[in-house]
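Peer 1: Given next are the chains, with one letter for each unit.
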Amino acid sequence: MMANMVNAINSALEASMKENEDVVLLGEDIGKDGGVFRVTEGLLDKFGEKRVVDTPLAESGIAGTAIGMALAGLHPIPEMQFAGFMFLAFGQLINHASRYRSRTRSSLKVPMVVRTPVSGGVRTLEHHSESPEAYYSHMGGLIVVEPSTPYDAKGLMIKAVRMEDPVIFLEPTKLYRLFKQEVPDEPYEIEIGKAREVSSGDKLSIITYGTMVPLVSEVARKKGVSADIIDLRTINPLDEKAIVDSAKKTGRVLIVHEASLSFGVGAEVAARVAEKAIYELQAPVIRVASNSFPYPFPGYEKYYIPNELKVSKAIDRLLNS
Amino acid sequence: MLSKIYSTEIDYLQILDENGELDKALAPKGIDSNTLIEMYKGMSLARAFDAKVLSLQRQGRAVTYAPLLGEEATQIGSAMAMGKNDFFVPAFRQHAVYIARGTPLHLLFLYWKGYEEGDVIPKGVGGTPIIVPVSTQLPHAAGIAFAQKYKGTGNSVVTYVGDGGTSEGDFYEALNFAGVWKIPLIVIIENNGWAISIPRSKQTAAKTLAQKAVEAGINAIQVDGNDVVGVYKATKDAIENSAQGPTVIECLTYRMGLHTTADDPTKYRSDADLEEWKKKDPLLRLKTYLVKNNLWDDGKEKEMAEEQAGRIDKAVEEAERFVPDPKSMFEHVYSFMPDVLKQELDESEAAGFWQG
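Chains P and B are the protein sequences, given in the same order.
Using the working numbering, read the first sequence as starting at 1 and increasing by one per residue.
Using the working numbering, read the second sequence as starting at 1 and increasing by one per residue.
Honestly, the hints are just simulated from the structure, not real lab data.
Careful, some of the hints might be misleading.
To be verified - Restricting the straight-line Cα-Cα distance to at most 25 Å, the calculated cross-link-like pairs of lysine to any residue (SDA-like) are: (1) B:K123 to P:S107; (2) B:K84 to P:A15; (3) P:K109 to B:G152.
Here the structure is a predicted model, which means the values were calculated and not measured.
Please take these sequences and the hints and turn them into a complete structure.
Peer 2: This is the structure in structure tokens:
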């Protein structure tokens, strides 16, 4: 089928619910409304109120009850309406979802997939445009994935629901309906922890993910530069091998993400490149990201998020150094 | 127009008073002499366990510990009311619940020695491990109760929170979800009067903690938390009614000891308070009743104490035989070992970083 990312995730959720009767969706407005982005549209009709649960408006409650469901053998897929609201559930996810397995030496598990829209560029109100991937990745214990295509979104979701780990599934709002591509009707898996080679080249490596993947690809295409473009897809655990192999191959590394620069995923990627490939580098690593302050109001976001010019200049700088 | 649209009342229940008088009319059906003796033995074992961990901690053989002294009736009364397949979701002071529900003692000692392996609670016990951040276990309990309803098991979930915990957002959120979902959840508020140094009076202006259930549209009752029979009955009733929905039970008890071994209560509370509560000691009143009714004597007390001390010592020995394997820290983070973690493990092993 031709599907945008919303269709693809919807199709993955439906397949997962058919495959496993312990899968339960819960969240705010996910039933009749189908979620504010319509990702769960139609699932209430297909599976009923028992399995598609409209919850009270309380993010910590949603995450915490989902953890309990998972401990008791269900496989919940809670939806957090926006990543900015999800911070109210941060304690539950960081303190509990991440560590039930390790603190009980695998005698208890938290199989669940927490879905939330992330990142900006769509002129929404405050707290609707955050990119929180680094926060959820930092401590360990939570798997963090962020697809940039409908195909990857479906495959990663199917895989996430077949695992017995807590997965934070980040869905870039801007990419929900940006484009359609051919997506198989039947379930298929994309491996967690494996990056995707968007394009192969030899002049530089661009390590990116989420909203920046189409932007970076477009800049590279326009410039006609031979770039290894790597879409991480999984933030934690990081596909270090893909990053380091590419860095060694091209000798020049650019990291691009929408989350703010300081202490971000780019720092982690750059550190690993430095540890494993510094003698193969021809130039210092460059990071392109949003600025190091909280996400601005929609009127200012175009000055905040990396744009084509910023990426293009960084590529020029990298190739000329 | 001005009209009254809602009002409510909270009942208070006491069956065994502080003088050891049992209100026979209120005593639950099926509670016989043997049950009362079991309750006494359960509370005594918990108190002996408590004293043991406290002593081990003072010797440097256990980590920071939260003693339960004085709260035995709340914990044993509720734990004994649970059915075989019911679940319990404690906070961090409910050692008596773990013991009464059949958690092997050496695991508890292992936990308080600071090892995750102590959290490997056998499946049949039906309990989740200790939760330290206050009240965050309540949504988990609600989720577990949701799963019981979803799967139609007919089992209930009993969870515990302190008086301080009732100020947390997760407390209200869990109650609210439970009310909407009408799930088989029983929330025991173990109101021991103190949240470290903050007295109950500074925790909330609400007259009772039980009435906080009213905001979520669920049943509530307040019980003398040092009355093991009263707590037993309230819990039993709540479990029997759990197919209709959740219940909150506020148990009025008193933390006769420390918040934790890192705490010094003389900084914030008077001895006079403690002396008053010693008269209401949960073990004392049940023993008075048992002795008065020729169900207990010094000989039985001595026999029980020796048997329990033996069990405890054996469990401590078993826990102290445990040898930690640092590799286990890496092996249970995910369902698989990511390459990046494997590198850290290999480095530590190869370089011999794990010493001592």
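Peer 1: Now tell me, hint by hint, if it's right for this structure.
Peer 2: Quick rundown of the hints versus the structure:
For the proposed pair K123 (chain B) and S107 (chain P), the alpha carbon gap of about 8 Å is at most 25 Å, so the pair holds. This hinted pair does not check out: K84 (chain B) and A15 (chain P) have alpha carbons roughly 36 Å apart, beyond 25 Å. Annotation: proposed proximity of K109 (chain P) to G152 (chain B) holds, straight-line Cα distance about 21 Å (limit 25 Å).
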